[in-house]
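> Okay, here's what each chain looks like letter by letter:
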Amino acid sequence: MPEPATPTPPPWAAGGVGHTPAPAARPDAAHEHAAPPAADTGPRSSATGAGPRNAAAHSGPRSGADAPHRPQPPGEPAAAPRTGAELPQEPRPPIGPPSPPASAAPTLDGEAAYRTRTSAAVPANAVTARPDGTVGQSPIRPDAEAKVNGTFDYASDLAFDGMLWGHTLRSPHPRALIRSIDTGPALALPGVAAVLTAADVPGKLHYGLIEADQPVLAPGEVNYQGEPVAIVAAETLDLARRAAERIAVDYEPLEPQCDPSEAVEAGAYFRYQPVRVGDPDTAEAAVVVTREYEVGMQDQAPLGPESGVAVPTGGGLVLHVATQWLHSDLEQIAPCLGLEPERIHLEMAGIGGAFGAREDLSVQIHMAMLALRTGRPVKMMYDRAESFLGHVHRHPARMRYEHGADADGHLVYVKAHIVLDGGAYASTTEAVVGNAASLAVGPYRVEHASIDAWGARTNNPPCGAMRGFGAVQTCFAYESQMDALADALDLDPLEIRRRNAIARGDQLITGQVIDAYEPDPAAPADPDRARPFSPLADLLDRFTDLPVPPVPADRDIVELPGGTGNTTHGEGVRRGVGYGVGLKNICYSEGFDDYSTARVRLELGGPEHDGEPVAYIHTAAAEVGQGHWNLQTQIARTELGVRHVVLLPNDTKIGSAGSSSASRQSYMTGGAVKAACEAVRDLWQDRDLADGPIEATRVFRHRATKPMDPVTGQGDSHVQLALCVHRATVDVDVELGLVKVVDLTCVQDVGKILNPVALEGQIHGGTAQGLGLAVMEEIVTDGGRVKNASFTDYLIPTILDMPPMRLRIVENADPEAPYGLRGAGEPPTLSSTPAIVAAIRDATGLPLTRVPVRPEHLTVRRPS
Amino acid sequence: MTAAAPARFDFHRPAAVAEAVRLLAEHPEAVPVAGGTDLMVAVNYRLTRPEAMLDLTGLDELRDWTDEGDTVRIGSGVPYARITAELAAVLPGLAAAARTVGSPQIRSRGTIGGNLATASPAGDAHPPLLATGASVEIASTEGVRHVPIGEFYLGPKRSALRPGELITAVTVPKAAGPQQFLKVGTRNAMVIAVCSFALALDPETRRLGTGIGSAGPVPLTAPDAEAVELPWSDPGRFDDALADEFGRRVAAAARPIDDVRGTADYRRHALAVCAARALRRVWTAAHERNPR
Ligand SMILES: Cc1cc2nc3c(=O)[nH]c(=O)nc-3n(C[C@H](O)[C@H](O)[C@H](O)COP(=O)(O)OP(=O)(O)OC[C@H]3O[C@@H](n4cnc5c(N)ncnc54)[C@H](O)[C@@H]3O)c2cc1C
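Those protein sequences? They're chains Y and A, same order as listed.
Okay, so the first sequence: first residue is 1 according to the working numbering, each after it adds one.
Okay, so the second sequence: first residue is 865 according to the working numbering, each after it adds one.
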């Protein structure tokens, strides 16, 4: 815990709150209001009884720690944040006026409560949460009921009066020149309102997340199969599709560059990032293992296809989109439309899964162009096949690794040559390469390393963000290498990892020192007290009392490899066990100014809230299914001691929340909501809610990071590191090459459990995605053409493929982070893949250097 | 806007087979639809755009099976879920195949008639129907004809079904001995076969029936393998070498290709493994049931 005084919960916060690490909120970037808020803010008070009150009571920024009137918490020592189990249960306040406050608190009597008007201006799509659940608990999600009963509006459910349907014509060629486009036959169809090409783009021709290199519509050449060439708006979707078929495009196909290694040699790459430390060429090793690894192209396969509606508003636009980052969308959209960003308002539409696929733009600019041209609302919605072509994928990788170790298995050096295929356009390849390079050896101590990582430019489908973001690919390679070393030295796979586990004070190959770990005080003490705390060894040690499950007698065929296929009744089945460790950076790295904004407003509710205070939270953070909305309500209840929380729609009327990516929203927007709540709580000390709402806006930033040195890769590039360890137990039908994963046991350090159920969901889901990459998920391309753009042939795990999991969740707090949390969504995706492949190796004795492992790799066509 | 009027689309819902075939003769453009689990996927992917549809779900005649003594006559509209639940004792091979189809939703909706009419080489009903020598009952305004299953499949997604014809039923001989169906897929459920194999053993006539799925342009049989000599007089002499020889002959009968679901090599290999396993299982079962 940091030294500064911890903020005190207001006396009316029943049950108190956990300790809070020093807020990282920047007072300079924050502002606070009394009601009414600035003109562009969330719910407005009604005209009556909502005049400015206490307008002077709030002036100026104020840090959370300096308010003189707040007493120190009595008898509370500075200690690590409490674990979920220790969190006091919030007693449910009685129905009616809130419990009588202690002396310093404003009086909230029933009369005062009912004098305050209710929020007449709260938008219809605000989400009212059930009135309970603090940090550490698992309240039912505010979006759960609607998602279960089918009333939740996903982006594809949106409809507006007078709406047209848009459709995209895409290139069938991976690379071609466009000699001409004749839109005439399409426009001639009755009911077609507009057909637009590159010539019609109102502003800049290119957009992109990091580098604006991707054409809005192909301007004379196409560089991947599926690149948008023209867009159509028509009265029906079917008509729009038929019209698109009638657009005559004269292509001159060119030879596509589909080999990423050749592309790199030819100088076609988005980024090259080396890392150099020590002198790997002269370092002496007793044992050396050298292998080449390959990772296939995985897809995020979100169930909700890309969809949205653009509504013209006299000179501007409202865009209803399902995106991971509203403000980044806006920054990219506005210049291409030639509009001032102020004239475009983005509203979040219901998101049907993301996993990175909604970081890049899809329908946004296209539907906006069609709406501006036609003056009518335009909806776009991809079907499954188009979705597979219309979003980026996980970078396929080819990696050559050389590990040298001494006779005891201590790493001496690592050399790696990593080629990631970025496909045709930049997307986030640059950042993915940074992750692959900086995390190339994993959570192991090594003095000498030489890493070269490239992100190639080819005519394959563009690749970008997917859960794990560059750390997944190298994790498969370095974990396979650790197992190969263990084999060569006849060491236990856990033991070789333990011997090399990074500890506090050690450095990553980038020179970044491992810090920000407060070991869980409840954990058993390390017998070797002289050793610095190793967050990895701590996790590995926990497998001692988690035995490998026994082989059950009399299994049904669904429990055997091949499942209902009835391929084995036990014939050819061998069991294998394997481990995998993953190291993931949390939040945005390499000097990026990563922040989130939250506005919290507290006001007295009406009778529907029993006259109790209601917290309104406004952020732009995307709820992608991870449970972030729920967490915001938990934070508000914890920090403000209220029960009632209303989530205002996520939109661009508030500042950026950053992306729902990089496992960062609990940390970042959680941090911003927490800081805003703390600010409101401070103001509440001096004020009576009956006099009007209290509101505060906070911008939250994590600790600053540095770019990687372009030559040596050195630099404190990461904010926070998170570790996850999997043990996989598999049954393999070695004659047919079919795999059944029978157990996945996971030990993950999350710093602090904020919501046990949501956390388990993240670990299960992340693990399943890693399982998919291990044994089935791959976009297959041939000469740049996608061969399996459907769920018929792009297989994702079913419930029969994914075993029940056993979880050990560890809370080694990060004192830099809100509540001590550590981002949790991505790490399990890293480690489950190598653990499963290691288990298959154990069962088959095959080297297995490529994922996904296919049945033929285990039987007739064994790669390497 | 007036231009928004959708294209004309006829939907016929006959209540009797006679009416259905008459409608089909009058409206040759009408496409029959049963469960829709093949057809509507094709419509969604815009591989087909039917101008009219003939809904078969109102035809009660197609929606049941009947015991005909030595055979079972299964109406073309019977879904997989019922085959698994109701026919496992008499048609174990077909019931095992039905169990592997899609997901519970698909098994409730998808019909055996739809599987036959689609005639995909990967259709799971085909191998057990081939292995047991089933017969397809086809109706039109001309009357009813019966096509032996071996003559039904003509090419990838091409069958003996002619325009104006409906499949009304499939007649399957009851199992005279143990049967097996094995389906290889890269996922443990809900997967299209990479390859599949069905085997029926008739200890009375000492005959084997085979069916191979997803390893050729049409579902195939393996006559060479069916001719393998089995040690009927001394069942204990059955050994791995014999099972493997049977597997090799099945693999040799296949005509697989490389595609995204699997390679030709792997398909041949997996068929050999599956066939050997199937033969061991039926032989063991036959001799457990009738001890010497
Ligand atoms: C998610 C999913 C998973 C699947 N998994 C499998 C699987 O594992 N194994 C498998 O074999 N199949 C699978 N299928 C395919 C499909 O479910 C089966 O082929 C099913 O048997 C089709 O039957 P249906 O009644 O739905 O046919 P429909 O879709 O209604 O019809 C299919 C075709 O047959 C014609 N037709 C239907 N009935 C008749 C009739 N009585 N007479 C003449 N023509 C007729 C139709 O005109 C159409 O051309 C799957 C499909 C989906 C969507």
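Hints listed in this document are in silico derivations from the structure and should not be mistaken for laboratory results.
Built from N, CA and C at the ideal position, the CB exists for glycine as well.
Where hints are given, some of them may not hold.
Distance windows between CB atoms, simulated [to be verified]: (1) A:S972 to Y:E331: 19 to 27 Å; (2) Y:T544 to A:A953: 33 to 41 Å; (3) Y:E252 to A:S967: 16 to 24 Å; (4) Y:P547 to A:P1099: 54 to 62 Å; (5) Y:E495 to A:D1123: 41 to 49 Å; (6) A:D874 to Y:L177: 50 to 58 Å; (7) A:P1099 to Y:D556: 24 to 32 Å; (8) Y:T544 to A:V905: 28 to 36 Å; (9) Y:A268 to A:T1148: 53 to 61 Å; (10) Y:D182 to A:E890: 37 to 45 Å.
Covered stretches of chain Y (in silico footprint by chain A; criterion: 3 or more residues with CB under 8 Å from a CB of chain A, positions within the stretch not fixed) [unchecked claim]: (11) 396-406; (12) 443-449; (13) 477-489; (14) 555-562.
One side of the interface only, derived from the structure: several residues of chain Y facing chain A at Cβ under 8 Å [as the list claims (entries may be wrong)]: (15) D383; (16) E386; (17) G565; (18) N566; (19) E571; (20) R574; (21) T792; (22) R854.
> Could you run down the list of hints and mark each one as holding or not?
Hint-by-hint comparison with the structure:
Checked against the hint of 19 to 27 Å, the pair S972 of chain A and E331 of chain Y fails, with Cβ atoms roughly 48 Å apart. A hinted range of 33 to 41 Å is violated for the C-beta pair T544 of chain Y and A953 of chain A, which are about 50 Å apart. In this structure the hint that E252 of chain Y and S967 of chain A lie 16 to 24 Å apart at CB is violated, the actual value being about 45 Å. Distance hint check for P547 of chain Y and P1099 of chain A: the Cβ-Cβ separation is about 43 Å, which falls outside the suggested range of 54 to 62 Å.
Evaluation of the 41 to 49 Å hint for E495 of chain Y and D1123 of chain A yields a pass: the beta carbon distance comes to about 44 Å. With their beta carbons about 44 Å apart, D874 of chain A and L177 of chain Y fall outside the hinted range of 50 to 58 Å. Distance hint check for P1099 of chain A and D556 of chain Y: the Cβ-Cβ separation is about 28 Å, which falls inside the suggested range of 24 to 32 Å. At roughly 50 Å, the beta carbons of T544 of chain Y and V905 of chain A sit outside the given window of 28 to 36 Å.
Take A268 of chain Y and T1148 of chain A: their Cβ atoms lie about 60 Å apart, and the range 53 to 61 Å holds. Distance hint check: the CB atoms of D182 of chain Y and E890 of chain A are about 40 Å apart, consistent with the given range 37 to 45 Å. Figure legend: the stretch 396-406 of chain Y, annotated as covered by chain A; annotation inconsistent (0 residues with Cβ-Cβ distances under 8 Å, at least 3 required). Interface restraint, the stretch 443-449 of chain Y with chain A: violated (0 residues with C-beta to C-beta distance below 8 Å; minimum three).
With 0 residues carrying a beta carbon less than 8 Å from a beta carbon of chain A, the stretch 477-489 of chain Y misses the three-residue requirement, and the given coverage is violated. Only residues whose beta carbon comes within less than 8 Å of a beta carbon in chain A count, and the stretch 555-562 of chain Y has 3; three or more means the coverage holds. Nearest Cβ of chain A to the Cβ of D383 of chain Y: about 7 Å, under the 8 Å cut. The hint holds. A least Cβ separation of about 10 Å between E386 of chain Y and chain A goes past the 8 Å threshold, and the interface hint is therefore violated.
For G565 of chain Y, the interface hint holds, since its Cβ comes within 8 Å of a Cβ in chain A; the closest pair sits about 4 Å apart. Taking 8 Å as the C-beta cut-off, the interface hint given for N566 of chain Y holds, the closest approach to chain A being about 5 Å. A least Cβ separation of about 5 Å between E571 of chain Y and chain A falls short of the 8 Å threshold, and the interface hint therefore holds. Taking 8 Å as the C-beta cut-off, the interface hint given for R574 of chain Y is violated, the closest approach to chain A being about 14 Å.
The beta carbon of T792 of chain Y comes within 6 Å of a beta carbon in chain A, closer than 8 Å, and the hint placing it at the interface holds. The closest approach between the C-beta of R854 of chain Y and any C-beta of chain A is roughly 7 Å, which is under the 8 Å cut-off, so the hint is satisfied.
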